[in-house]
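Enquirer: Given only the sequences and the hints, what does the whole structure look like? Please build it.
Chains as they are written, first to last, in this note's numbering: chain A, 1 to 143; chain B, 1 to 143; chain C, 1 to 143; chain D, 1 to 143.
These aren't lab readings, by the way, just hints derived from the structure by calculation.
Worth double-checking, as some hints may not be accurate.
To be verified - In silico DSS-like links for lysine-lysine, alpha-carbon gap of 27 Å or less: (1) B:K124 <-> D:K107; (2) B:K124 <-> A:K107; (3) A:K106 <-> D:K107; (4) D:K107 <-> A:K107; (5) D:K124 <-> B:K107; (6) C:K107 <-> B:K107; (7) B:K106 <-> B:K7.
Please read these numbers as outputs of a predicted model, since none were measured by experiment.
Here is what each chain is made of, one letter per residue.
There are 4 protein chains.
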Amino acid sequence: MKECEKKVRASFARQGLMTTLGAELVSVAPGAVEIRIPFHASLSQQHDFVHAGAIASILDSSCGYAALSVAPADVDVLSVEFKVNLLAPAVGDAFVARGTVKRAGKKITVCAADAFAVRGKEEKLIATMLATIMNLPAAGVRR
Amino acid sequence: MKECEKKVRASFARQGLMTTLGAELVSVAPGAVEIRIPFHASLSQQHDFVHAGAIASILDSSCGYAALSVAPADVDVLSVEFKVNLLAPAVGDAFVARGTVKRAGKKITVCAADAFAVRGKEEKLIATMLATIMNLPAAGVRR
Amino acid sequence: MKECEKKVRASFARQGLMTTLGAELVSVAPGAVEIRIPFHASLSQQHDFVHAGAIASILDSSCGYAALSVAPADVDVLSVEFKVNLLAPAVGDAFVARGTVKRAGKKITVCAADAFAVRGKEEKLIATMLATIMNLPAAGVRR
Amino acid sequence: MKECEKKVRASFARQGLMTTLGAELVSVAPGAVEIRIPFHASLSQQHDFVHAGAIASILDSSCGYAALSVAPADVDVLSVEFKVNLLAPAVGDAFVARGTVKRAGKKITVCAADAFAVRGKEEKLIATMLATIMNLPAAGVRR
Numbered sequence: 001m002k003e004c005e006k007k008v009r010a011s012f013a014r015q016g017l018m019t020t021l022g023a024e025l026v027s028v029a030p031g032a033v034e035i036r037i038p039f040h041a042s043l044s045q046q047h048d049f050v051h052a053g054a055i056a057s058i059l060d061s062s063c064g065y066a067a068l069s070v071a072p073a074d075v076d077v078l079s080v081e082f083k084v085n086l087l088a089p090a091v092g093d094a095f096v097a098r099g100t101v102k103r104a105g106k107k108i109t110v111c112a113a114d115a116f117a118v119r120g121k122e123e124k125l126i127a128t129m130l131a132t133i134m135n136l137p138a139a140g141v142r143r
Numbered sequence: 001m002k003e004c005e006k007k008v009r010a011s012f013a014r015q016g017l018m019t020t021l022g023a024e025l026v027s028v029a030p031g032a033v034e035i036r037i038p039f040h041a042s043l044s045q046q047h048d049f050v051h052a053g054a055i056a057s058i059l060d061s062s063c064g065y066a067a068l069s070v071a072p073a074d075v076d077v078l079s080v081e082f083k084v085n086l087l088a089p090a091v092g093d094a095f096v097a098r099g100t101v102k103r104a105g106k107k108i109t110v111c112a113a114d115a116f117a118v119r120g121k122e123e124k125l126i127a128t129m130l131a132t133i134m135n136l137p138a139a140g141v142r143r
Numbered sequence: 001m002k003e004c005e006k007k008v009r010a011s012f013a014r015q016g017l018m019t020t021l022g023a024e025l026v027s028v029a030p031g032a033v034e035i036r037i038p039f040h041a042s043l044s045q046q047h048d049f050v051h052a053g054a055i056a057s058i059l060d061s062s063c064g065y066a067a068l069s070v071a072p073a074d075v076d077v078l079s080v081e082f083k084v085n086l087l088a089p090a091v092g093d094a095f096v097a098r099g100t101v102k103r104a105g106k107k108i109t110v111c112a113a114d115a116f117a118v119r120g121k122e123e124k125l126i127a128t129m130l131a132t133i134m135n136l137p138a139a140g141v142r143r
Numbered sequence: 001m002k003e004c005e006k007k008v009r010a011s012f013a014r015q016g017l018m019t020t021l022g023a024e025l026v027s028v029a030p031g032a033v034e035i036r037i038p039f040h041a042s043l044s045q046q047h048d049f050v051h052a053g054a055i056a057s058i059l060d061s062s063c064g065y066a067a068l069s070v071a072p073a074d075v076d077v078l079s080v081e082f083k084v085n086l087l088a089p090a091v092g093d094a095f096v097a098r099g100t101v102k103r104a105g106k107k108i109t110v111c112a113a114d115a116f117a118v119r120g121k122e123e124k125l126i127a128t129m130l131a132t133i134m135n136l137p138a139a140g141v142r143r
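Expert: Given below as structure tokens:
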């Protein structure tokens, strides 16, 4: 396993929310991260679709980890902001979020991510995110 | 209880994700909704702050329900998109999201929401959202 | 010239701001529109870069016209909202915005667009937009 | 005139686009800036409303200058990203954008701004922005 993947997997494992959502880190490549959640009723909104907040959560993590995957070793990342468009109801057996780096800077990295509903072998685009991530010294994340 | 509050409370009770996050619907007034989650490690990101996705989830629901609270009786709402700025680490005993209607239209309602971290009697602004919500016939939400 | 291109070109010609910015409609294909502005000092911000608002203007028009290019003949479009990330200073001889349809719906179309600074034969990505566009009856745009 | 206002007015005077749009810097207070444009056909979109890009331009500048007004003396600002919701057609005699600081940080300042259409003595809310602005050493803005 490459260093960048190790760093991402170690961080992902510390995200309690990803466990709560049932999320799995499917793949980590430099600048590209995929996260998956199976459908579960505990993630629903009022129409039994998966809640936009759950989809936004895996999109946000996929963006943050795409940024982290290309950051220097001693750097950690924090989300500054993100925007998500919900394109279709989140209905399916599972949902994947694929984050990629749009531009990596010294201070700021901008990522884009798409989310898909999976039914059998088919994928349908259901959401898209544009996110701004800040680089921070790994030791310096203040509470 | 007013009709608009009944409708919002009934819909909120159907959101599995709100139960999963431990969220409570604190108050519903016409055009203004407050949702609260206590801190829990199951909501964390890698620095033990609450994950941006959990904060976005209650902000999104507070916006959606603020929109629903002023919508006609036979109308349901769906989030079209939202944007959230994370202003400070989500560290606290609890977190509240307060959504308000910025402009209610026939088809589209735009809401703004702020999230605060609560420690004892103090509140600190930690995030802010701007969201676009679509009105739909209550019977016509398609899968 | 195809119908969709005619409709877009006729609408573009009515946008006073595009003339003011010196903008040219480079190409129109179904779901993809390119707009170009040459550099001019009248578009600057305080560091002599082109102002984010000028770049946002051509990105917004490229998204709106990408949406219009795939809309039914009797439909017009209005921007509901957009979000733009400025990725690098807008420095160059000219700037192009390329808008594409991400998802076309009956009521709402979501588009993405990238802007590039052009210097000689080189292009550099300087901004990216995600936009929400509403379909309206062409006869029904109210003041 | 206070130092913060001097700095903002000097920077505003250098923005070629503000002159092109006919924009005037109405007021500068610490953390709050107002910019105004009169209606002019040169700012229009296809329905003779003012183009969303022109409104976004004065909103963006009002946010940037609100951030600058509270920044240390040796700091300059650059827009990282902004999101704007268009709430009503931009129809009126003039348009004002009022930007305020939501949270000022050492590296990042987040601002919100509203735009209003003015007709006689009446104002109507037509757009709202949420913007992320980066602090930079005034000497270090690189091309």
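Enquirer: Could you run down the list of hints and mark each one as holding or not?
Expert: Each hint, compared with the structure:
no.: 1; hint: B:K124 <-> D:K107; result: 19 Å, holds
no.: 2; hint: B:K124 <-> A:K107; result: 25 Å, holds
no.: 3; hint: A:K106 <-> D:K107; result: 13 Å, holds
no.: 4; hint: D:K107 <-> A:K107; result: 9 Å, holds
no.: 5; hint: D:K124 <-> B:K107; result: 19 Å, holds
no.: 6; hint: C:K107 <-> B:K107; result: 9 Å, holds
no.: 7; hint: B:K106 <-> B:K7; result: 18 Å, holds
Hint check: no violations occur; every hint is consistent with the structure.
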